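J.: Single-letter residue listing:
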Amino acid sequence: MSAPGTAMDSLSAALKCNIIPNQEYLLQGSVLDQYVEVLLHRLRGLCDNVDSGPESFHDHELCFTLRAGSGSGAPIVLPLRVRRALDVADAPFQLRYVGQQELGDKNRPTVVRSSIDMACSSTIVEFLTELGCRLDFEYIARGYMFRKGRMKITVSKIFKVAGNKPVETVEPISQSYLVELSVLAPSGQDAIGEDMRIFAEQLRPLVQLEKIDYKRLGSMM
Amino acid sequence: MERDLEQLNSALNSIKTLRSNVRRVFESVSNGLRADHGDEGKENKYILELQELLTTVNNDLRDVENSVANLTPPPGAFSLGSTTSLSQETTHERQALYGQLVNSYKWTDKIHEYSALAGNILSTNSFNKTYKTFSTTKRRKTQTSNHNVPSDVIENLITSINKLFPDVTITTNRPFVPNPVIQASLGRVLKASIAFKGLMIEWVVVKAHAESNDLWTESRYKVFKKVTENCHAAMCHFHSPMMPDLAVRSFMHWFHSYNILFSAPCKRCGNHLHNNLPPTWRDLRTLEPYHEECK
Amino acid sequence: MVYVRYEKMQQREEKQLESALESIIQRVNDLKQSIASMIFKIENEYETMAWPTFLDNYALISGQLTSLSKVLSHDKCPNLRNLTVLPLMLSPERDEQLAQATEGRVTTFAHDLVPDYLEPNLSLWQRIKLRQGKNGKSNPRLRGNTQQNSSVADTHLLVAAVGMGKGLKMGPSPNGQPNPTSGGMMVAPQGRTGGPPGQSQMPPSTQAMTMNKAPSAIKTNIKSAAQMHPYGR
Amino acid sequence: MGVTILTQFPTENRTGPHTIDVLSKRIMALGALQQGQFLVDCETYTSVPQLGPQRTVHVLHNSEQPATVFSLLETGTKTIPLATDGLFDLLMMKMSSFYTSKKQTKAESKGPRYEIGDFCVKLGTVTVSSNFKGILVEVEYRPCVVPAMCWDLLKEFLQGFLGLSGPTNPPAYLQNRMQEIYSPIDTIHQYLEHFTIFRKSPGIGMRA
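Chains as they are written, first to last, in the working numbering: chain A, 1 to 221; chain B, 1 to 295; chain C, 1 to 233; chain D, 1 to 208.
Heads up, a few of these hints could be off.
As the list claims (entries may be wrong) - Pairs of lysine-lysine, DSS-like flavour, derived with a Cα cap of 25 Å:
#1 D:Lys200 to D:Lys78
#2 A:Lys215 to A:Lys106
#3 A:Lys16 to D:Lys106
#4 B:Lys226 to B:Lys197
#5 B:Lys222 to D:Lys25
#6 D:Lys102 to D:Lys200
#7 B:Lys222 to B:Lys295
#8 A:Lys106 to A:Lys211
#9 B:Lys197 to B:Lys163
#10 A:Lys160 to A:Lys215
#11 C:Lys32 to C:Lys76
#12 A:Lys215 to D:Lys94
#13 B:Lys226 to B:Lys295
#14 B:Lys225 to B:Lys295
#15 D:Lys94 to A:Lys16
#16 C:Lys70 to C:Lys32
#17 B:Lys225 to B:Lys197
#18 C:Lys76 to C:Lys15
#19 B:Lys222 to B:Lys267
#20 D:Lys155 to B:Lys267
#21 D:Lys155 to B:Lys226
#22 A:Lys152 to A:Lys106
#23 B:Lys295 to D:Lys155
#24 B:Lys225 to B:Lys267
#25 A:Lys16 to D:Lys103
#26 D:Lys155 to B:Lys222
#27 C:Lys70 to C:Lys15
#28 D:Lys155 to B:Lys225
Calculated directly from the structure, the hints in this document are not laboratory data. These figures come from a predicted structure and were not determined experimentally.
Build the full structure now, drawing on both the sequences and the hints.
T.: Structure (structure tokens):
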């Protein structure tokens, strides 16, 4: 029997083969509250989990940043997100690093950004805090998830967490549901972007799923 | 009746003899003259032989007639009840029913016979070592069956056991309503799936907490396999058809003594381990821990 | 027996018309048959009928409709609207031939029925046009409707909130430094650049969540992430 | 996952491989069967000065839980455990401008793995950045999950197997946790304790 290789060996092997899904392809949009039923109905028809119906979720997301000022110039910032299910008691927490949008060329149909996604134990929040991370903001997302092939579609209502109020009394931040179409894939699989564009086309005109540039959005609003 | 049978047997026997001798006559006739009749007067010899054989047949025939005359004819026709109608059946598929009926009759008859025998043997060699004498004839009247009891009786029994030991937590599920399967977890030591048949314990499997509740797969750990075996022995030992609830209670009492499965050393050798196993046996009376090899 | 006479008919046109009519009638008959069979299926096999079968039937019908409209709009097809159909003789008597031709739907060619079938000014086209006109008016409203299914402002609000925490940030941070919550905020908002981290930084709602003991085993299937890690060892 | 006791076995002027050989002959004589090899490794990262007071993150892998990465964060006042799946290593790479690793600190324990009854025994050769440091013996009693319940039983097993070198008291880390349910992170804590000691100790000077 051969000795087990170190974990780092197998990780670098996986990196070399490019099988780690570390790229997120993303399209975003929204739908007004009164039309969400129509959208859900359409998604039920279009997506894979027809017979089981949509999967609902109720998650609390905490967004941390790890930053270190390097004297002069912009500080180095590492954003980290923690997601925990409020409706499933013993589900693992989820830790996620989401990178900057890749600039790429304008013709790419979707936003592409690097992403590392993993399950973790519930100590993650304390771990990150002690690591030096700062809680930037947090929110609660409640909604439905659909699957179509390897595409994931979420329709979620975003709630603001107000201080130390209980979770039941949170207030929605808008009269719309956030709609996201995303795929996690190893890098270089740009063909998936085309699939996503075609799928997004089928949801028009209910939802306009678009490639939204965060930077422009930041300066616009 | 006994005599009738004897006579019938002797009649049948004489018929058999008659048939065999008639056969010999025909054999002789068909063979004709044989070499062993010699050369001289072979015709005479042959005729003598034939005469002799025919005389025997005559005697046998007389015997048959005698024994038949001795038989008492059955009084009237046999009454087969409604099964006689079966012979009137015209549908082809159902004509086989009569044969099946006869087979099952024979079968039940055998069961009757065997169970009577088994009852005799078991009553002399009792495997039940419980040192209680049953003078409770009253109870015998009230509880005629303990495998088919209303579910609330079982429910009460289980809740009472649950209250009996604080560190035994019991969860129930009922795949078949009157026969519950309970999961009894004993502190943080182990858990047991116990299947009931009415008020009787039917099956026990002991496993680690992290293992599945499946009733049919045994634990992957040797120590729990051993404990399961011993539970089966105890289940038989405590079994008492007359007082089923007491049997369950004593079993649970004994089972509870496993709460120190890992921490108690063997009473005999004083060690924790023997064959890499802790003491897995618990004495049925004193509940003291022993290694299987030390008990 | 002749009921109908075609006027303004010339020899060549007559031939053309006849062949055109023949193919139209054939297609209409096909269409009629497939509609009938579909109705039959819906009425009699609705319990066992599979959805794909139904769609197949539907596709067949729509194909036949397309081919019918192709025939009607073909160059060779004479303009049927220029033709007049004129009843020559009406009779209250039952007409067997007619009954057979119409599969028993029309049994007499009488004055009370003829207008229904032959009325020339019953302008289907006009009615269609009328309907289209109505729709034409309502179209802008419909378009407005689609616009209202979603709002660009809401999209931007939500995306900015989820992506950058816009509108979700807590008030002034515990060390007194106000948190930028509006205006010109980029992906990396300026904040404290170090300092002793401590529990005090965390809002109470998250403090409550931290648990002391790690769960004994991590389940590696993440509820919201659809994929498993493909390089499990 | 059962209760696991990790203990150091003195080499007493023997070489590492020789000691492992002696121990494996002993355990085989008791009736154990070898079931493959095992590996526990540990990489330590320290925070950059810009991040404020120094903190240390130990990232450990255990071949017994191959899809999990264990991390222990030491702040000076407390230790926070974290279990994640394999991609955490990738995240540590992303954190390279905040937490850096010293290459000389990579510690690992590896060697044969045996099963005997419900016990699992691992004989580990410990190296710190490829220098042989000593022998660690890991014994797991798998059916039991509460250390207090089976400590005596494990002690008897360890003494039967290691003789006088067997431990007489529970490992320091476990002493406050004897009544709690044992979990894989507790094994990781014990390894880290030993690795920290080995790192500080002078090398024995023999290559493993």
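J.: Each of the hints needs a verdict: does it hold here or not?
T.: Tested hints:
1. Of the supplied pair hints, the one linking lysine 200 of chain D and lysine 78 of chain D holds, its CA atoms being roughly 20 Å apart against a limit of 25 Å.
2. Of the pairs offered as hints, the one joining lysine 215 of chain A and lysine 106 of chain A holds, with about 14 Å between alpha carbons and a cut-off of 25 Å not exceeded.
3. A hinted pair counts as satisfied when its Cα atoms are at most 25 Å apart, and lysine 16 of chain A with lysine 106 of chain D qualifies at roughly 23 Å.
4. With a CA separation close to 23 Å, the supplied pair lysine 226 of chain B and lysine 197 of chain B stays within the 25 Å bound.
5. The straight-line distance between the Cα atoms of lysine 222 of chain B and lysine 25 of chain D is roughly 23 Å, inside the 25 Å bound, and the hint therefore holds.
6. About 14 Å separates the Cα atoms of lysine 102 of chain D and lysine 200 of chain D, which keeps this hinted pair within 25 Å; it holds.
7. A threshold of 25 Å between alpha carbons decides the hint, and for lysine 222 of chain B with lysine 295 of chain B the separation of about 18 Å falls inside it, so the pair holds.
8. Annotation: proposed proximity of lysine 106 of chain A to lysine 211 of chain A holds, straight-line Cα distance about 10 Å (limit 25 Å).
9. Proposed proximity of lysine 197 of chain B and lysine 163 of chain B is supported: the alpha carbons are some 21 Å apart, at most 25 Å.
10. About 23 Å separates the Cα atoms of lysine 160 of chain A and lysine 215 of chain A, which keeps this hinted pair within 25 Å; it holds.
11. The hinted pair formed by lysine 32 of chain C and lysine 76 of chain C meets the criterion: a straight-line CA distance of about 24 Å does not exceed 25 Å.
12. For the hint pairing lysine 215 of chain A with lysine 94 of chain D, the CA-to-CA distance comes to about 22 Å; that is within 25 Å, so the pair holds.
13. For a cut-off of 25 Å, the pair hint linking lysine 226 of chain B to lysine 295 of chain B stands: about 14 Å separates their Cα positions.
14. Note on lysine 225 of chain B and lysine 295 of chain B: the hinted pairing holds, with a Cα-Cα distance of about 18 Å set against a maximum of 25 Å.
15. Between lysine 94 of chain D and lysine 16 of chain A, the direct Cα distance comes to roughly 17 Å. Compliance with the 25 Å bound is thereby established for this hinted pair.
16. Straight-line distance between C-alpha atoms of lysine 70 of chain C and lysine 32 of chain C comes to about 17 Å, which keeps the hinted pair within the 25 Å bound.
17. Between the alpha carbons of lysine 225 of chain B and lysine 197 of chain B the distance comes to roughly 23 Å, so the proposed pair stays at or under 25 Å and holds.
18. Between the alpha carbons of lysine 76 of chain C and lysine 15 of chain C the distance comes to roughly 11 Å, so the proposed pair stays at or under 25 Å and holds.
19. Pair hint lysine 222 of chain B plus lysine 267 of chain B holds up; C-alpha atoms about 21 Å apart against a cutoff of 25 Å.
20. Among the hinted pairs, lysine 155 of chain D with lysine 267 of chain B is consistent with the structure: their alpha-carbon atoms are about 18 Å apart, no more than 25 Å.
21. Using a Cα cut-off of 25 Å, the hinted pair lysine 155 of chain D and lysine 226 of chain B holds, with the two alpha carbons roughly 22 Å apart.
22. Proximity of lysine 152 of chain A to lysine 106 of chain A is assessed by CA-CA distance (about 23 Å); at most 25 Å being required, the pair is judged to hold.
23. Simply put, lysine 295 of chain B and lysine 155 of chain D have alpha-carbon atoms about 24 Å apart, close enough for the 25 Å limit, and the pair holds.
24. In summary, the hint linking lysine 225 of chain B to lysine 267 of chain B is supported, as the alpha carbons are separated by about 21 Å, within the 25 Å threshold.
25. Taking the CA atoms of lysine 16 of chain A and lysine 103 of chain D, the gap is about 22 Å. The hint holds against a cut of 25 Å.
26. The straight-line distance between the Cα atoms of lysine 155 of chain D and lysine 222 of chain B is roughly 19 Å, inside the 25 Å bound, and the hint therefore holds.
27. For the hint pairing lysine 70 of chain C with lysine 15 of chain C, the CA-to-CA distance comes to about 20 Å; that is within 25 Å, so the pair holds.
28. Distance restraint check for lysine 155 of chain D and lysine 225 of chain B: the Cα-Cα separation of roughly 23 Å lies within the 25 Å cut-off, and the hinted pair is therefore satisfied.
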